[in-house]
Amino acid sequence: NAGVTQTPKFQVLKTGQSMTLQCAQDMNHEYMSWYRQDPGMGLRLIHYSVGAGITDQGEVPNGYNVSRSTTEDFPLRLLSAAPSQTSVYFCASSAGTGMRGELFFGEGSRLTVL
Amino acid sequence: EDKVVQSPLSLVVHEGDTVTLNCSYEVTNFRSLLWYKQEKKAPTFLFMLTSSGIEKKSGRLSSILDKKELFSILNITATQTGDSAVYLCAAAGAGSYQLTFGKGTKLSVIP
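Residue numbers (this note's numbering), protein chains in the order written: chain G, 1 to 114; chain E, 1001 to 1111.
A hint or two may mislead.
[Said to hold, decoys possible] For lysine to any residue, the following SDA-like pairs were computed, each having C-alpha atoms within a straight-line distance of at most 25 Å:
| id | chain 1 | residue 1 | chain 2 | residue 2 |
| --- | --- | --- | --- | --- |
| 1 | E | Lys1037 | E | Asp1083 |
| 2 | E | Lys1037 | G | Ala82 |
| 3 | E | Lys1003 | G | Val60 |
Keep in mind that the hints were calculated from the coordinates and are not lab data. Remember, it's a predicted structure, so these values are computed and weren't measured experimentally.
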């Protein structure tokens, strides 16, 4: 099983550029989410989705957009990248629509904004 | 605002030592506490605890939850170099779609 797949694994952007981080899961999970991980800050929730067509904001949503057109895919869009968005991004999914079980994480996407 | 605090933030031990990692939480309508291990890449699931006083075990790792005092501990006995990692604690509230993570404890096991 592939589990949660993120692409790209590494990306360098210039300030102001836009890009999309892709996330796909093959476990038929309803719940999907995006976290960012910064040194000394732990994992912080950006956006999440409890099913196709439903998204909501997490703790640090500013500068990011998401959509959920299918159960499998949950892309994260940076509209105008800023150096403060330099981070490691993790996509995670879970069975059911609430936090009733473990989160399965992708391997992460390291983004550097110059 | 929900909060999860882990201590210590880092720890260096010798192989064979026993370690205890701490996690305290303040979460509205607490439902569950989870422990993850993070090596180079993605966090991997260790335990989920929902009931107070019931120990979960997996090999040399064990964890217990105290819902009265709002904390959990993760014990690792007979540590090995392969236990070197960041251990993350996270808590979820009933009806919430968010996991609140602590900052992690970085464990280094030296031969």
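We went through each hint and held it up to the structure:
Under the criterion of a C-alpha separation no larger than 25 Å, the hint pairing Lys1037/E with Asp1083/E is consistent with the structure, at around 9 Å. For the hint pairing Lys1037/E with Ala82/G, the CA-to-CA distance comes to about 30 Å; that exceeds 25 Å, so the pair is violated. Proposed proximity of Lys1003/E and Val60/G is supported: the alpha carbons are some 15 Å apart, at most 25 Å.
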